[in-house]
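Student: Read off the chains here:
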Amino acid sequence: MLAKRIIPCLDIKDGRTVKGVNFVDLRDAGDPVELAEIYSQEGADELVFLDISATEQKRKTLADLVYHVAEKVSIPFTVGGGISSVEDVDILLQNGADKVSINSSAVKNPQLINDLVAKFGSQCIVVAIDAKMIEGEWIVHLVGGKVPTERKLFEWAKEVEQRGAGEILFTSMDHDGTKDGFANTALAQLSTELNIPIIASGGAGTMRHFIDTFKEGKADAALAASVFHFKEINIKDLKEELNNQGIPVRI
Amino acid sequence: MKIVIINYGAGNIQSIRFAIRRLGYDAVLSSDVDEIRNAEKVIFPGVGEASSAMKKLRESQLDQLIPNLTQPVLGICLGMQLMCNRSEEGNTNGLGIFDVDVKRFVPQSPKGTIKIPQIGWNKIEHLESDLFKGLQEDYVYLVHSFYAPLCKETIAQCTYGSDYSAALQKDNFYGTQFHPEKSGDYGANILRNFLAL
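Quick mapping for you: the protein sequence lines, in order, are chains A and B. Numbering-wise, our numbering puts 152 at position 152 of the first sequence, and it's gapless, one number per residue. If you count the second sequence from 1, you need to add 251 to reach our numbering.
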């Protein structure tokens, strides 16, 4: 049986994990490769690296990082953040990334999804969608939830699927950072209306939240950052708890 | 040991190369017929779409070479699928090493019962080959929309909607639908077993 996935997300700036990661046993708290190895050993099923740097050297720094992660880590990983062309994706995949995630560039130019899928296959194209509830309607947002678009979540998600994306990473901007649980109603609707895997993101605070997003939210995977970085939840313990709750996980 | 990863422009070969390096060996990427023929172990990777991958194999005449290799050959993911008779993906004729036709996962009702592609970790069971020597049933990483049904060459199976072939073997030819190079320590052990054949 296919296992539900637990995915730690690492924010990267100029090739380093951004401040806020609190791992006392790290020799170098800013080294994403070392952090990735630790998560892999703890039982993470996948990793996501989200690049938030905005320098001119960004492309090269990120490609180097991908190369070094692929060299050391034997679980799959996705890279996202500012990817906007077929060439960007080609470089990242050549360096060893398993998947890439695109967000704003897909909203601005939906044809990019088709182009990437045609060249690299659905399996490595993740479309990230950030959305916020406005007057009872889930509205897609850009720039980390700051800029609303005219697109509605469910319509956009279906379009993304039709254009061939392999997975959707859905972040509720209303839940992100609250530690109050995932947006399970919207997640369940996505999972029922679409036929590609859905990754839940935004709101993880306790183990209960993960149980709920798999059971009620019908998510295929759950992504979180701070609860793992600050060691509030240990991945090994989390997976044992999920297993006790009858949720299939890789232990 | 001379290990060659067949390089025909299909997919992420860097991670296979790194996985072999973590086991203490170096692998060469090559599309050269003589170099492949003279290798002790051959890895046949593949990510992407079947008909365009087959086209690339034909252009470099690797479609003639691969079925005639005599050393251990390991096809991974699309590599394994191309070693089968046919694939529903692009109605592609394969290399005909494994006597089975590759099919597409079919959505089941209610919608979302099985997602396509299958992405993630699934357990492989009924292990029957030296490829799994000393190993128990465990989780491996898979990403695919097409699969080989169970057949006489099945050496490991997996369940997604129904049971299918997670790995195949015929003589010196091995194929895994999963990615051993991405399946943690367990996958590394499978690769180690392959290199020890």
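Don't read these hints as lab results, they were simulated from the structure. Hints should not be assumed to be uniformly reliable.
As the list claims (entries may be wrong) - If you only want the chain A side, here are some residues facing chain B, beta carbon under 8 Å, derived: (1) 90; (2) 91; (3) 145; (4) 147; (5) 149; (6) 162; (7) 163; (8) 166; (9) 192; (10) 220; (11) 226; (12) 227.
By construction, the Cβ of each residue, glycine as well, lies at the ideal position given by its N, Cα and C atoms.
Student: A separate judgement is required for each hint: does it hold in the structure or not?
Tutor: Results of checking the hints against the structure:
no., hint, verdict
1, 90, "11 Å, violated"
2, 91, "12 Å, violated"
3, 145, "26 Å, violated"
4, 147, "30 Å, violated"
5, 149, "26 Å, violated"
6, 162, "13 Å, violated"
7, 163, "15 Å, violated"
8, 166, "6 Å, holds"
9, 192, "5 Å, holds"
10, 220, "6 Å, holds"
11, 226, "24 Å, violated"
12, 227, "21 Å, violated"
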